[in-house]
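There are 2 protein chains.
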Amino acid sequence: MTTTLDTDVCVVGAGFAGLTAALRLHQARRSVVVLEAAERLGGRTYTERLADGTVVERGGAWLGPGQDRAYALAAEMGVMTYPTWGRGEHVLVRDGIVRRYRGALPPGVGPLQLAGLGIAMARLDRLAKRVPLEAPWEAARARRWDAQTVQSWLDRNTLPGIGRTLLAQVLHDIFTSDLAEVSLLHALFLIHSHQNLNHLTTIEGGAQQDRLVGGTGAVLGGIHARLGDAVHLTTPVLRIAQVSDGVTVVSAACTVRARRVVVAVPAATAGRIVYDPPLPIGRAQLLQRMPLGSIWKIAVVYDAPWWRDDGFSGQSLDPGSPLPLTLDASGPTTPPGILNLFASGAAARFLTGVSREERRCAAIQALTHRFGPKAEHVRDYVEQDWSAEPWIAGGMVSRFGPGVLTTFGPMLRPPVGRIHWAGTETAIITHGGIDGAIRSGERVADEIARAEES
Amino acid sequence: MTTTLDTDVCVVGAGFAGLTAALRLHQARRSVVVLEAAERLGGRTYTERLADGTVVERGGAWLGPGQDRAYALAAEMGVMTYPTWGRGEHVLVRDGIVRRYRGALPPGVGPLQLAGLGIAMARLDRLAKRVPLEAPWEAARARRWDAQTVQSWLDRNTLPGIGRTLLAQVLHDIFTSDLAEVSLLHALFLIHSHQNLNHLTTIEGGAQQDRLVGGTGAVLGGIHARLGDAVHLTTPVLRIAQVSDGVTVVSAACTVRARRVVVAVPAATAGRIVYDPPLPIGRAQLLQRMPLGSIWKIAVVYDAPWWRDDGFSGQSLDPGSPLPLTLDASGPTTPPGILNLFASGAAARFLTGVSREERRCAAIQALTHRFGPKAEHVRDYVEQDWSAEPWIAGGMVSRFGPGVLTTFGPMLRPPVGRIHWAGTETAIITHGGIDGAIRSGERVADEIARAEES
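Going line by line, the protein sequences match chains A and B.
Note that this note's numbering has the first sequence beginning at 1, numbered continuously upward.
Note that this note's numbering has the second sequence beginning at 1, numbered continuously upward.
One chain only, chain A, in its complex shape (with noise of 0.2 Å):
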């Protein structure tokens, strides 16, 4: 037997986006039931807390400026925010070697390399401007940008050598995807989205400059606190009827009638559930072309930061290597000291591939080499590994494909009857962020207001 359920909108997925656009409706008065298929909240972020009370973000954590409706939420439920740590020497590491600079840019990397980066970093910059964050498919030259790939463009705008290594590396690592199968114009878009490429990869300042006490699921957890037994987890999704006046949302334990129904999952999950009447066949064949990369993020904890001691900010980039980028992941009071290892697409398919203690020790011996031994006395060591996440199975933003973004792009957000669309690739601003799942759930709600009054 299973149990039917009535509500005014039933909102799939309990993520960012899902949380927030059943918060809004709740407090606009309209019930809600929300269906998450995992057995815990989060989506793409993921807080775990240690044995000892340690906070470990497995998933997305970071916010910055221009992030406000991010910021709005953590303080609606009484989360503070602390600065991420940023100060010391960052360290490159080129063929092996080990070099420690401060600043955006590592010096041994040659004036006539530096000057590349920069100007090709300019251009990106400059082409991202030109793309209308309502409608990237409307920029004047989005066909053309639409046919390109990163990796092309790479390929015959800048010189190979180190300026096109890091260039490369930092682009790869937002896209946890080969830059061959990232359009150009969806790479110049969530730059736009983001402001521009170095506040995307900054700390103090950027895209990475603070993090939330008690982390990300300290928010969700006050969410579900206020949305109560509206929430249930374990529960996917398995079709989406319309019916004359609602939506029919079935699930092997429970069937929930509704006016309207928010997805709120990735492109390639949301592609699983069986829609009837099937979807119009341009936004069934979108949810057909948004995979998610491969990426696995790793936190080593330390009973203290003495990176920081020794003059490091944690943040290192060491390309080509499995585990290419380190930022300091420490809560906001020390001890602990934490570090986080990133690994994405290839390199992040590879560890797969390997043992816990291979990969265990490819981390460790990552951060001796480039901080030191005190890098060997580890306290704690966690990994998330996003392709095995069920129902999400990647990370971190769905790509748009070149090609795709031109042709299908104004199928991602429009309603479909009384199907709405959330979650942070819908987004505008911070399209790809936290922030952006956030926004994509406040702007169902409104539209769900609007559609009823209308």
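FYI, nobody ran anything at the bench for these hints, they're computed from the structure.
It is possible that some hints are incorrect.
Computed Cβ-Cβ distance ranges for the label pairs, DEER-style [what the hints assert, rightly or not]:
no. : chain 1 : residue 1 : chain 2 : residue 2 : range
1   : B       : Ala-140   : A       : Ala-75    : 33 to 43 Å
2   : B       : Val-274   : A       : Asp-446   : 50 to 60 Å
3   : A       : Ala-72    : B       : Leu-133   : 49 to 59 Å
4   : B       : Glu-452   : A       : Gly-96    : 41 to 51 Å
5   : A       : Ile-97    : B       : Pro-65    : 56 to 66 Å
6   : A       : Gly-96    : B       : Ala-241   : 41 to 51 Å
7   : B       : Gly-311   : A       : Arg-130   : 47 to 57 Å
8   : B       : Leu-159   : A       : Ala-72    : 27 to 37 Å
9   : A       : Ala-122   : B       : Leu-238   : 31 to 41 Å
10  : B       : Ala-140   : A       : Arg-130   : 32 to 42 Å
11  : B       : Ser-31    : A       : Asp-446   : 55 to 65 Å
Glycine included, every Cβ here is placed at the ideal spot set by N, Cα and C.
Since the structure of chain A is provided, determine the placement of chain B on it from the hints.
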């Protein structure tokens, strides 16, 4: 209550790939169960017999030299072939003006344009020859080609004008997708897999040379007769579990326990099945990265093939029209006469948005414009929207977007434990065609025989 069936091999999908695999396994004295989601056999082929007995192919239909396995299978099933009608003048419409011509390339195309087109085709053929069919990702320039789209290659290697327009239309009709969505490496691989561009697009001596008497359905009917009640229609597979000594294939109606399973459905459809344990990440991500395009195939049936008497071949091209391409699709004996019209990509999605009556009008207007007023005297009208086909939701060949073949291509054919992968997209020769589907079915049957021996 669901039934449990025990068998040697379970085959998922009853298109040419799945049914050929099942036939060859059956002939090798293995028991098989075939589960097909749809209410009919055929997959991306679909033979309809009208009330008066006229055979109409709603899907894949043509065969040509080099497609030895398709000819052999037809002969084995006692199905004859007959030549496609190709005599008479073709039609090219430019700026609304109808021009008749003979031979491969239309006059009225200026000599410089013609030379440009010839050079571009020759260049594509030359590059295609350098793509190893067994492993396109091992071409010396694989990464460079896979980082480019067919559209960006055309933009840079052909001059604007009728030459580029014709070449783009031909390639567009092959991939049924915007060319910005298609990897140059995939296009080169497909061209090489069908010998060359000229072969791919030619009637006599080329890939459209022959058709089957009684249609593709006559061949499949022959296989079905041999397999008998091993074939289960309207049985969508929900889940494939690998257990220690076999597989369990679960549908709503029955559970099949087998030693091995063959998955012979399009990748996007295979991606909707739940795999337990989950597929290796690269294989799972590949299934998310092979969407189908959009195609309408329309058949207009006349009392006689009147266009032949008027000196037309029935072949026409009107680039930019919603129905750019037509071909003579009459049976081995006339009357009746049949003309096919095709729309792909954005044109196909446009047709999906208008009424059946509007599509019928557009088709007949197109034929009248190109071949004269006799086109108005229609006997029957049959239309097929492949994007509306349940369990396929697109057509014809799944496309590899840029970056996909080099990154995920090596996972295309190797079995995952006891799961074997068939389908025309896994074919080395005639990749994307009926012959490729048949070859893939025969390959998995061999693969299983070898695996069971060892």
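**Request:** Please write out, lowest number first, the hints stated earlier that are contradicted by the structure.
**Result:** Those not satisfied are hints 1, 2, 8 and 9.
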